[in-house]
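So the protein lines, in turn, are chains A and B.
All residue numbers for the first sequence refer to the working numbering, where the first residue is 1 and numbers rise by one.
All residue numbers for the second sequence refer to the working numbering, where the first residue is 1 and numbers rise by one.
You may find that some hints are simply not true.
Identical chains share a label here; the pair holds if one copy fits it or two copies do between them.
Pairs of lysine-lysine, DSS-like flavour, derived with a Cα cap of 27 angstroms [claimed, not checked]:
(1) Lys-272 - Lys-173
(2) Lys-362 - Lys-336
(3) Lys-362 - Lys-98
(4) Lys-272 - Lys-336
(5) Lys-51 - Lys-404
(6) Lys-375 - Lys-173
(7) Lys-22 - Lys-34
Keep in mind that the hints were calculated from the coordinates and are not lab data.
There are 2 protein chains.
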Amino acid sequence: MIMNKVSIGLIGCGNVGSGVVKLLRKKKNHIRQKFATEFVLRSACDKIIKKKPPRGIGRAHLTTRYQDILNDPQIDVVIELIGGLHPAKEIVLGALKKGKHVVTANKGLIAHCGKALFQEAHRRNRNIYFESSVMAGVPVIKTLTEGIAGNNCNGLYGIINGTCNYILTGMSKKNYSFAEAVAEAQRNGFAETDPTLDINGMDSAYKLAILVYLALGKFVKIKDIHVEGITHISHDDIEYAESLGLAIKLLAIAKKTNNAIEARVHPTLISKEHPLSATNGICNALYIDADPLGDVLLSGEGAGQMAAASGVLSDLINLASRDSQPASRMLANLYKEEASLRMRSMDQISTRFYIRIMATDKPGVLSKISGILGKYGIGINSVTQKAHNRAATVPVVMLTDYAKEGMVRLALAQIHKLPIVKSKPVAIRMENLK
Amino acid sequence: MIMNKVSIGLIGCGNVGSGVVKLLRKKKNHIRQKFATEFVLRSACDKIIKKKPPRGIGRAHLTTRYQDILNDPQIDVVIELIGGLHPAKEIVLGALKKGKHVVTANKGLIAHCGKALFQEAHRRNRNIYFESSVMAGVPVIKTLTEGIAGNNCNGLYGIINGTCNYILTGMSKKNYSFAEAVAEAQRNGFAETDPTLDINGMDSAYKLAILVYLALGKFVKIKDIHVEGITHISHDDIEYAESLGLAIKLLAIAKKTNNAIEARVHPTLISKEHPLSATNGICNALYIDADPLGDVLLSGEGAGQMAAASGVLSDLINLASRDSQPASRMLANLYKEEASLRMRSMDQISTRFYIRIMATDKPGVLSKISGILGKYGIGINSVTQKAHNRAATVPVVMLTDYAKEGMVRLALAQIHKLPIVKSKPVAIRMENLK
């Protein structure tokens with residue numbers, strides 16, 4: 001058996017980086033036997049690497065300058081795990097220019113600069129692998145680029161942020177308030193000290209941008225994705241939803257119809273019968289609408305040190321098995337967009353809505369609210385006026401029929417101005433998933 | 001852009017074969033643009049091809065002799081879709097010997113002869129792709145061989161036969177008897193006229209053998225897999241199970257512990273809280289226990305003409321993108337088993353059991369039955385004696401604690417001999433899935 005020897009330069013030895021070091025060590029024999037490949041960790045770079053080298057780093061050369069790794073002609077593959085846009089972009093482009101392959105888990109980088117990076121890789125006949133950028137080691141990138149290559153994709157939807165799902169699960173199953181659920185997620189290591197990027201939906205938006213490109217063929221700008229986080233969801237909303245047989249999940253959704261793409265991230269009401277409503281805690285789940293295969297579901301833990309490290313190692317193994325292949329024939333022609341696609345504006349999108357309005361408990365409230373909705377052509381499917389023990393303000397909870405986003409926005413702005421309405425109306429979209 | 005031209009010989013133009021012809025035609029432009037590849041269907045072979053050529057076969061050469069395709073030096077890839085062991089084995093070996101790559105959907109062939117075929121492919125430096133052999137185009141083969149390559153597998157379980165799942169769903173959701181559910185599956189094209197291979201569990205066993213090899217590294221003989229079908233499941237069992245918060249599904253299960261492998265296919269009681277209990281109709285779902293990633297779930301339609309054809313096309317595209325690579329560096333070293341693994345015998349396996357015994361409605365029945373179970377060390381977790389309006393025979397339904405398979409078998413044989421017991425006891429294993 002001919003052993004394939006691959007020299008690695010690791011840039012970024014934080015949480016995931018130390019996981020990769022650990023895994024390379026632990027699985028050395030397995031990889032040799034199963035894949036006839038030996039990975040040699042030749043150099044590792046991190047700002048504090050000399051003070052605190054990762055355990056099991058062995059005889060790797062340690063440096064604080066990433067240029068040392070890019071300039072080392074012995075290194076075949078650069079693993080970029082520092083996160084952020086700079087100098088991550090310079091590292092990846094620099095590695096490709098020096099004829100090295102790249103493995104990265106950096107979703108922000110791929111979402112923002114993917115096109116430029118793929119083009120550079122194509123030009124240099126090198127590869128970028130990025131499985132762990134979406135749902136960690138759960139092979140969604142592999143599935144979209146290779147596994148279901150015989151299909152076209154019409155769209156996809158799913159739960160792709162474990163932190164938000166953990167928080168919403170806590171609110172639903174343990175009756176936590178939003179703040180309590182966030183605190184519990186932080187205690188258990190499932191939310192950062194500053195959880196902003198997760199709970200405002202941006203993390204999901206980055207991942208969705210990557211998925212949209214791979215599945216639908218267009219590089220979507222982050223600003224063209226409609227993003228809403230979960231900070232405005234109250235425990236009451238979750239309870240009202242449950243009484244209607246519905247669950248609230250933060251979904252990422254993309255669809256292609258008639259050469260137009262919609263891409264959005266927002267809390268979504270779904271039927272409790274749908275398997276996504278049973279996707280709880282840090283679990284992620286993605287449905288891909290493939291033609292002719294139909295819906296394909298991938299699910300698993302989409303975050304965590306070792307889950308992400310396993311995705312990086314899968315990338316390394318896949319890369320090693322084909323490093324002589326031209327990049328353009330590997331993950332399809334990643335450097336090329338489908339020219340004819342345009343974005344559909346959010347105003348044009350129709351969904352059903354759950355609307356909660358805190359209003360004075362007086363006769364005539366419902367007629368005023370429904371009058372405004374009617375003026376904008378929004379039909380009401382059901383309405384419940386929740387009785388709060390003699391409170392002056394009561395929630396009016398409604399499910400609408402399908403309505404245009406733009407119309408709902410105008411109607412809610414007008415309802416908000418009514419003297420009987422005591423706070424900004426809450427609107428949560430509802431999807432009829434198959 | 002350099003176009004990669006791949007000549008195909010198709011052997012077997014039945015249901016899936018005509019789907020492949022249709023798909024190659026429909027997706028021609030998509031494949032050219034996205035993968036820089038042009039597939040040319042050069043020849044097609046079938047017993048009745050001249051009487052009834054598939055629609056859209058174009059200018060392909062038509063033959064009834066598969067040797068014509070093997071002997072054509074212009075053909076790069078042979079697609080084998082005739083099913084069965086012979087001459088499928090001769091076709092695949094012959095194609096490899098002639099230096100051609102192979103794509104097949106033939107689960108029986110891979111399950112029985114996989115090792116010999118992989119070895120021949122390795123020797124000839126060619127590839128065999130077989131995505132559609134398990135769960136049609138849902139990319140489980142790709143995931144196990146490449147997608148989660150950075151992990152070891154401890155086991156897997158799931159629903160991998162759509163026909164049985166459709167029948168059990170009909171019995172559970174529509175109150176059908178077994179016979180009625182089979183008839184409905186046949187009417188809707190989800191069961192063959194002779195559904196034996198599906199309902200006796202053998203179809204699942206073939207697929208499990210393939211999965212076990214890819215996930216756990218051992219070629220398991222079909223006779224070493226414990227296989228039970230669904231023919232002994234009655235509507236009453238499904239009803240009693242539901243009253244206990246359980247669902248009955250035909251599961252394929254494999255585990256590796258301490259260098260021993262267990263592999264089994266049988267009806268299984270699972271919690272109604274587990275997502276598999278919501279996997280209904282022809283849908284398939286497979287959980288892979290990966291280390292360190294954790295459980296990965298893949299789900300989708302595991303059967304049907306176009307679902308299978310899409311898997312064949314995915315294989316072709318993946319093959320075309322790397323036909324210059326040595327086989328051994330592609331899907332891991334498929335030709336090599338892990339030497340140290342042995343099979344665990346069924347008798348050694350512990351599970352919980354649901355037991356239904358039809359017995360005379362007399363005092364003392366329960367004490368006799370539980371006495372025998374106790375003698376074999378089998379603890380009873382719960383027991384219900386169902387009241388059937390004054391019937392002379394009543395069902396005694398029990399859930400046991402964990403018990404060794406061999407002990408349960410001995411106990412039930414003895415219980416069956418009791419004069420008060422009116423028919424063979426029904427025993428269904430129960431799994432505590434995560």
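- Task: Mind listing which of the numbered hints don't hold for this structure, in increasing order?
- Result: Hints 2, 3, 4, 5 and 6 not satisfied by this model.
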